[in-house]
Structures are given as structure tokens and as C-alpha cells.
Amino acid sequence: MSVLSVRDLTVTYHTQAGPVPAVRGVDLAVDKGEVLGLAGESGCGKSTIVNAVLRLVPPKTKVTGEILLNGEDVTAMKAGRLRAVRWSGMSVIFQGAMHALNPVQRIGNQIAETITIHGQADEKGAQVRTGALLEQVGLPPRRLRDYPHELSGGQKQRVMIAMALACNPDVVIADEPTTALDVMVQAQVLQLLKDLQRELGLAMLFITHDLSVLVEVCDRLAIMYAGKIVEEGPSVQVFRNPRHPYTSALSGAFPQIGDRRFRMAPSGLPGDPPFPGNVPEGCSFHPRCPLAFDECPTIDPELYPAGVERRAACLLVRGGDRVEVTS
Amino acid sequence: MRPGTIGPTGAGPIPPVEDLEVPAERLLSPRRIVWARRKRAFQRTAKTYRKSKMGMAGLAILVFFVLVALFAPLVADEATMDPTSPATGDAYQPPSSEFWFGTDNLGRSIYAMTVHGSRISLTVGLSATLISMAIGALIGIFAGYYGGWLETGLMRLTDWFLVLPWLALAIVLASLLGRSLSIIILVIGITSWPGTARIVRAQALSVKTRPYVERARALGASNWHLITRHILPNVGPLIFANTILTVAIAILSETTLSFLGLGDPLAVSWGTMLDFAFSAGAATTGQWWWLLPPGLAIVLVVLAFTMCGFALDEILNPKLRER
Amino acid sequence: MEALDHARPGSREPVLEVRDLHVRFAGRVGLGAGLMGRKPTSARAVDGVDLELYPGEVLALAGESGCGKTTLARTIMGLERPHSGDIYFEGKPLGRSTKMLREYRRRVQMVFQDPTAALNPRQTIYESIAEGLRVHGINRGPNGEAEEQLVARALSRAGMRPPERFFLNYPHELSGGQRQRVIIAGALVLDPEIIVADEPVSSLDASVRGEILKLLLGLRDDLNIAMLVVTHDLGLAWTIADRVAVMYLGRIVEIGPAEEVLTRPTHPYTKALLEVVPEAGGIDRPFLAGEPPDPIRIPEGCRFNPRCPEVTTGTAEAAGVLGRCRSQDLGLSELRREHFAACHLMAHLAGTESAPPPPPAVLKR
Chain A
117 MSVLSVRDLT
127 VTYHTQAGPV
137 PAVRGVDLAV
147 DKGEVLGLAG
157 ESGCGKSTIV
167 NAVLRLVPPK
177 TKVTGEILLN
187 GEDVTAMKAG
197 RLRAVRWSGM
207 SVIFQGAMHA
217 LNPVQRIGNQ
227 IAETITIHGQ
237 ADEKGAQVRT
247 GALLEQVGLP
257 PRRLRDYPHE
267 LSGGQKQRVM
277 IAMALACNPD
287 VVIADEPTTA
297 LDVMVQAQVL
307 QLLKDLQREL
317 GLAMLFITHD
327 LSVLVEVCDR
337 LAIMYAGKIV
347 EEGPSVQVFR
357 NPRHPYTSAL
367 SGAFPQIGDR
377 RFRMAPSGLP
387 GDPPFPGNVP
397 EGCSFHPRCP
407 LAFDECPTID
417 PELYPAGVER
427 RAACLLVRGG
437 DRVEVTS
Chain B
43 MRPGTIGPTG
53 AGPIPPVEDL
63 EVPAERLLSP
73 RRIVWARRKR
83 AFQRTAKTYR
93 KSKMGMAGLA
103 ILVFFVLVAL
113 FAPLVADEAT
123 MDPTSPATGD
133 AYQPPSSEFW
143 FGTDNLGRSI
153 YAMTVHGSRI
163 SLTVGLSATL
173 ISMAIGALIG
183 IFAGYYGGWL
193 ETGLMRLTDW
203 FLVLPWLALA
213 IVLASLLGRS
223 LSIIILVIGI
233 TSWPGTARIV
243 RAQALSVKTR
253 PYVERARALG
263 ASNWHLITRH
273 ILPNVGPLIF
283 ANTILTVAIA
293 ILSETTLSFL
303 GLGDPLAVSW
313 GTMLDFAFSA
323 GAATTGQWWW
333 LLPPGLAIVL
343 VVLAFTMCGF
353 ALDEILNPKL
363 RER
Chain C
220 MEALDHARPG
230 SREPVLEVRD
240 LHVRFAGRVG
250 LGAGLMGRKP
260 TSARAVDGVD
270 LELYPGEVLA
280 LAGESGCGKT
290 TLARTIMGLE
300 RPHSGDIYFE
310 GKPLGRSTKM
320 LREYRRRVQM
330 VFQDPTAALN
340 PRQTIYESIA
350 EGLRVHGINR
360 GPNGEAEEQL
370 VARALSRAGM
380 RPPERFFLNY
390 PHELSGGQRQ
400 RVIIAGALVL
410 DPEIIVADEP
420 VSSLDASVRG
430 EILKLLLGLR
440 DDLNIAMLVV
450 THDLGLAWTI
460 ADRVAVMYLG
470 RIVEIGPAEE
480 VLTRPTHPYT
490 KALLEVVPEA
500 GGIDRPFLAG
510 EPPDPIRIPE
520 GCRFNPRCPE
530 VTTGTAEAAG
540 VLGRCRSQDL
550 GLSELRREHF
560 AACHLMAHLA
570 GTESAPPPPP
580 AVLKR
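From first to last, the protein sequence lines are chains A, B and C. With the first sequence counted from 1, adding 116 to any position gets you the numbering used here. With the second sequence counted from 1, adding 42 to any position gets you the numbering used here. With the third sequence counted from 1, adding 219 to any position gets you the numbering used here.
Chain A extracted, bound-state conformation (with noise of 0.2 Å):
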């Protein structure tokens, strides 16, 4: 069974202008000791997923569909099993987390108020705890005296990966860990967040718009595209041999240093992702696919079977057309 479960989601945000529809029906699942990778850019919906499934968003917004955190079902917890759900079964590394420091408070004592809130130990246990996280994520244990400012940014990710895993989540959600850091820096976090993810055998959801972190991290891998899902499968074969042409698009940004395709031949689409309260008629991509054709702006493509544990959402795929999508 999925850890963690996502059926049929869809996220629609009350606006001064009206309704904007973030997240238009996504379906996810991961099991437990699975890395699964959720890539797209802005606007695509990825981060009100991470809201929505923590109960974060805010007042007034629609979110339906199902999430189940091992089985029950998120959105129907009451106000204290939410509490107590929130980061002791599901923990979230933010985005921009070195920013969630609070800066006049020392790191040691940050990390244990985490584990005091939620009951899972008293004040001692909870310094030795403190202790023991940060020696996992590589920092030495005496840096719980230290105050934010005295750490670099990468060891203010780390410290945010400890809190993470202060309270023994079953699932961790990484939204764009690394993408403030610099490649040395961010190569040091991510094989950290493997070697624990495999040590605690966690369910990861890991979120970027690097699609090249996320085949080196994770098993599978889904692309989302204007609030929709439109590729997914295993994280090697939708990167070398992808069936979306969003999916080669994206790829395309990200080019093999050696590849001699890739030399003064920069690649990338026209126009722009979508705003969400304007996502195009029809297939949401048409407008920027080199591939599109007559019917592509009449019918919304759901997601099609598209090899072995593969699906895609593109008319070409329809029908198990065997289409190779070179760009």
C-alpha cells in the first residue's frame, strides 16, 4: 500500500478575480522506500500540491479529490490528528528553507522545540535526539549552539533536513531542497538525502524544476504541466526517452556537457507556461508544441498508456501510437 496517496486532486485558489483552478486532477502515489521526483515550472501547480496535502492553503480555497497518508484520509482529519499528523507522518524541507530559520534562536533549540510539540519526547530526550539528527545529516553536534547566521547555506539545508526528520515521518516532501545552493553544495545535500532516504527507508516526494537532479535522485518520475500531470514512468527512460514533447522540451534545458547536439544549439519552446487562471483550451500545451496538430486544441488529453509503467497525456500517444518524439 502507498504511504502516500493522491487521487483525483484538484486545487482551486479564491481570487480578487475569481476562481484559479491551480491543480485541474492529479493522481500520485509513494510507496514506502520509493523516490518519486514531481517536475514542472511555474505556475504547473507542484508547490500548492505540497499545500495542499499539508491542509496549508489558504482560507477559501476549494480543494477536492482524496489524499491518503497510510490509508486515512488527510483532507477529512479533524484540527489535533491534522497536529499531530503534521510532521510526524509527513514532513516538509520548503523551499527557500534557509529562510524558515528563526534567527534569534539557536539551531539545537529549533530542532527540539519540533520534537517537544509534538509529544515524542521531553526536553532532555529531546537535546539528545537533536544531537543524534545532526550528527546524521553530517554536521558536528556541537553546532546546536550555533545561531543561523553562523551557518553557510548548506548547512542551513542541513539543518532543515534534520528537522525534517525530527519526528520519524513515514513521508518526507522536499520541495526544491537544493536550488538555492551551489552545485558542489547541492551534489553534498542530495547524496545526503539519498543515503538517509535509503538508511530510513522514507517515502520521498522530491519537487524541482531540474529535471536532471531528479533522474539522478528518484525512481519515478511525473511532469506536470498547467495544473496537470502529463508524463510519467521510470525517472531514466521519461529523461532519455520521453513521450511528451513538454517532457523533451524540458529535457532539452538541461544538456549532456560532451554531447556534441547540444553545442550552440540552445533549445526551448515559445511563449510561456500558462498563468493558472489561463490555461489554453484543449491540450494545455498546444500552443507551444512543435508537434500539435488539428485536433490537439479541440480535446484535452488524459493520460494515455504509454509503455511499461508509463503513461503520457498527448494525443500521439493515444492508441499506443509507437511515436518517437525527437525535438
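Everything labelled a hint here was simulated from the structure, so no lab data went into it. Being a predicted model, the structure only gives us computed values, none of them experimental. Hints are supplied without guarantee of correctness; some may be wrong.
[What the hints assert, rightly or not] Simulated pairs of lysine to aspartate or glutamate, EDC-like, Cα-Cα distance not exceeding 20 Å:
no., chain 1, residue 1, chain 2, residue 2
1, C, 490, C, 478
2, B, 81, C, 346
3, C, 490, C, 461
4, C, 318, C, 305
5, C, 490, C, 452
6, A, 310, A, 251
7, A, 310, A, 286
8, C, 490, C, 553
9, B, 250, C, 333
10, A, 310, A, 147
11, B, 81, C, 383
12, B, 250, C, 346
13, C, 311, C, 269
14, C, 490, A, 375
15, B, 89, B, 356
16, A, 310, C, 498
17, B, 250, B, 193
18, C, 311, C, 383
19, A, 176, A, 188
20, A, 310, C, 494
21, A, 310, A, 150
22, B, 81, C, 392
23, B, 89, C, 299
24, A, 148, A, 182
25, A, 178, A, 189
26, B, 250, C, 299
27, A, 194, A, 182
Following the hints, put chains B and C in place on chain A, whose structure we already have.
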């Protein structure tokens, strides 16, 4: 206009140079562009402003008083204010059909005095505010933009003026130079600019470090260009909102100084009316019609300015708006 | 726009030259420490850099944060003041003469990392682009064109068509990619020889980056504009650069043709950077431990030696250069044709002498 509705941006090969030319007739001239922009910005602000009930109410009251002040001679007969003219009535009369607000100790029409007094109060308030704003904005912008010794010096100067006791200064100046409206305007002007200077400096400091100012600097813009084209427009709205609130304070200050007898004894303002009323013992003898009109007028005008100022503040600072 | 003044492609005279550049940021000393005679520490952001930019070439300046690449670019743009060193434009030193500086500022333009922040939100697109013309007092084009025609042409050239449609827009009404095109148009309107681009696409969506990069390459091809592109992304350098310079702690540690540097790197730092670029199936790849040290405390000897894999694995010691790595600072030596690196071990293996370090900062006047 949202992205996605403007249409696909050119993604094809760049055409040869000749095809890039656009016939001159199709293009707008720069001046028209500037005016179009200003018009749009104004319309946008006006639209948001209209939504604020408080702002509209304040604006209505202000417009009313401004009209009264402008058309004072038409609204109230000046002769009824002149004690030597036969138009004045008996002293200490309560409101009647002839004198709507009654008469004072010299038989002058309180209605006429209130109406004409609006001119003085509003004029003094606005002039003093203009002086205050000009000094405050200049000092604030230069201090914030240039920084260094200039900033330190100007800010210490600001602190000095901030702690200057305006009342004592007014009294001293009045006794040295005689009582007049100019003294009042001067005193209010030079003691209320520090507040503005501080706010403007903070904003100038913040704008100075923004990337678009740096871009202009990278283009080779001179300090003057940066100040006038970038700092000022971004500090301007703040100055404007602050001005509105300062006028309210200026009018109150004028009232206070006139009430204390430092104003021109020959000029009729709401403050002097209150001064005369008090001296003549209006409060103890129950002549409410003498105290109420000027008092109420002051309250309404100050309230109106404050309400407008709050409404403008909400527009400028989106964080204050309701969700 | 006719590229009349620009040097022909292929000519080997550099259009921009930087010699012995040092840029420092002063630290601050608290009152107590100051009274005790403690001097303020200064961060040596750029610590002795020589660089040439040839007409029509794209030179990528790569490195992690803190390496000095952004400071170097900003100093070239005149936004930072060098502690010492010289900048030469078309062979002539940039003196303090205002006339020369103005001319320079017209012909060297900048493209910014965050196009949203780099545009004044109160100005229309037209005004943002025309600003360059106004700052330089240009109200007629070379063939008598009016200001609005020059602006329209620049917008067209940057891919926004039809241009007049965008004149009255505000930045917030455009998408990220469009805003960057506006910034590029603002640079093009002055017909520059050089464009300095600071992370031109890192803040844009991934699918939009390709078009902007295509645009930049097109400018090089059509208008022979030389470009200095600052980036942390080696993949970007692979895509558009002719030459790549890798920086570490204020110095260039390797420079050469892009294909050479990125597929046959010589300096251990470049090799380490290339190893950590994420790729499919990459698990447990080697990476450097720790983070680059503070520019306030630059290590002795070769500044990379505390983290150098060749040192930690003993290779340097085996080759007998460890002593030099630890104690001798060095400059760039030519290890292969047109391919330079500052590494004792590599110099030793190539049979050449390590080059002496760049001369220390000499305060002008």
C-alpha cells in the same frame, strides 16, 4: 493583460534589417507615451480610491470646505463681519433666521466668520505644509541617496529640528517680530518637516539599492538622472500621502497658535474665533453657538484630511489592504 | 543596425582587456576592536585577474558563488571600483576622463540576472528601453531615425513583435522571458560592442531559457557583439560559449576553448565541478567536501590546495609537488594550445614551469 494573452513572442529566425523597420506613423511619440502612462496610472489610482468608503467620505468633506473657502464672499456677506457696518446685529444673539449661527460679542455674524475663517485656516495649513514638504523631501532624498557624511549631517540636523519645541519658538518669534500669519506659517513649516524627512530618507535608501537603479547607473546615468527619474517617482507617492496628513496637523497647529493669541488679531480664522470666544467667557455663559461652528469645522477638516490620508496609505501600501 | 564600427570577426585584437585587476571589499571593525588596533579585514573578491575578450566571441565566466565572477563583471561595467589594475577598451586604458567613460558605458551594456527587479515598475517598457538613449543624449539614430523608431527596432531585434504593441505595457504585465527580452532590447538600443550578461537565464523557467540563449547567440552572429556571460551552470557554457574561464576564490584557475575545458579539463577544480553536474544514473559520485573558504582568509600557496583531490589522494605528494602546492602561489601556464591552468601538478606533468603568481595589488597614485 496577463502573460499568455499577448500572443507568441517571436521565436523564428530574425528577419533582415529592412524588415525590422516600423513606419513612423504607426508609432506613438515619446511625449504621448508619457502622458498615456500618467493617465493610466492616475485612472488606476482613482479607481482603487473610489472603492474606499472612508476615502470618498473624506474627499467629499474636503471638497465641500474648499468650495466654501473659494466662494466665501458669495456664501456669506462680508459686511456682516464688520462691526462698524449696519449689517451686524446685536451682540450675543443665539442662532436665528437672520444670523444662522448667531452673533458674537460685537454683533458680528458667526456664520460669516466661520465661512471666511475657512480661507485663513486652509491657506495657512496648506502653505505651511508646502514649506514643510519641500524641506523634508529634499533633505530626505539627498540624505538617503548620497549617504556618507552628507547623510549623517543632514540627519543630525533633522534630529535637532525634531526636538525643537514649536510652541516656545512661536511665542518667542511672535514677541520678537510681532504677531502675524507669516510667523505662524514659518513656525509650522520649519518644525514639521523632520517627520517627513525621516520617512523619505528611509524610502530613498530602499529605492537606491534596487536593481533597476543599478541598471540605470550601468547605462551611465548621472546622479541627477537617477534622483529625478527613479528615486523621486518612487518616493513621490509616499510624500503625497504624508502631505495630506501633514496638512491636518498644520491646520491644528495654526488653530492652537491662534487660540493662544499669537496669530494676527485682525485676521479671522477658526482659531482666533475660539480665542475671542474664550476671552469673552463664552464657555461659562453658555454661548455654544460661538464655540460650536469653528470647533466643528476644525474637527471636520482635520478628520477629512486624515481619512483621505489613510485611504491613500492603503493604496500605496498593499499590505494594509484587506485580503 | 549596421555593425559598422565593430571589429571584423576573427581579428585577434581584444576588444576588452583586464590587467592585474584587484577588487576588495573592506570589512568593518567594531569600536572596541578598532581601539585595540585591529585593522579591518578585507575580502579579496578579485585577486589578480588578467582577461581578454575578443570581438564576436562568447566568453563564459564560470564558478561557484564567492569566486568573484559577478564582482569581476560588475567592475568591468563600472559598478564597482577596482582596488588596483587596469581595464583597456579597444586598446586604450579607461582613464578617469568622463568623456571616455561615457563612451565606454554606451558601448558596453549589461543584461541582468533578475529581469523583474531590473525594470522600474513605474515605467513603461518604452521608457525603460529609451532610458539608455536619454542618458546618452541620443535623440536621433545614425540615419536620422526618431527615438521611437530606435526603440521599436531594438524590441523587434529582441524578438518582441510587433514592437509598438508593447510600448505602453508595464513590466508586471509581461512574463519572465519577455522581461528579459526587454532588458536585452534596452541594451541593444545603444548598439553596443560588448554585452556583459550576469546569469542571464537562471531566474527564468527552464523551457523559456533556450529562446533567450538563441537570441543572445543570434546577436553575436548577426551583430558581432562580444559577450561575457557569468554563470554557475557549466551546461550553459557548453551550449553557448566559445571560451570558458573557471574562477575560484578571486582568480581564474583555468581558461581555454569551451570544448577543451569542458571535455578535457586540466585543473582539479574544473574536474571536480564537472563531476558533480547531475546526470542520469549518477549515484555516489565524488564531490568535494566542505565549501569554498571566505575571501577574507585565502589559503597559502595554491588557494585550492586544502580541498584539492590531488592533494587528499596523495597524487600531488607522489609527484613531488605537494610542497609547492602548500606554499607557492601561482598563475596560469599554457598547458595545451590556448588552454591555460594554474596547477603545480599539471604543469609538472606537462613538463613546464608553474607560472609566477599575478603581481600583488598596486594602489594607483
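Evaluation of the provided hints:
no.	hint	result
1	490(C) <-> 478(C)	14 Å, holds
2	81(B) <-> 346(C)	15 Å, holds
3	490(C) <-> 461(C)	19 Å, holds
4	318(C) <-> 305(C)	17 Å, holds
5	490(C) <-> 452(C)	14 Å, holds
6	310(A) <-> 251(A)	16 Å, holds
7	310(A) <-> 286(A)	15 Å, holds
8	490(C) <-> 553(C)	17 Å, holds
9	250(B) <-> 333(C)	17 Å, holds
10	310(A) <-> 147(A)	16 Å, holds
11	81(B) <-> 383(C)	18 Å, holds
12	250(B) <-> 346(C)	19 Å, holds
13	311(C) <-> 269(C)	16 Å, holds
14	490(C) <-> 375(A)	17 Å, holds
15	89(B) <-> 356(B)	13 Å, holds
16	310(A) <-> 498(C)	15 Å, holds
17	250(B) <-> 193(B)	14 Å, holds
18	311(C) <-> 383(C)	39 Å, violated
19	176(A) <-> 188(A)	23 Å, violated
20	310(A) <-> 494(C)	17 Å, holds
21	310(A) <-> 150(A)	11 Å, holds
22	81(B) <-> 392(C)	17 Å, holds
23	89(B) <-> 299(C)	43 Å, violated
24	148(A) <-> 182(A)	19 Å, holds
25	178(A) <-> 189(A)	16 Å, holds
26	250(B) <-> 299(C)	15 Å, holds
27	194(A) <-> 182(A)	15 Å, holds
Of the numbered hints stated above, those contradicted by the structure are hints 18, 19, 23, listed in ascending order.
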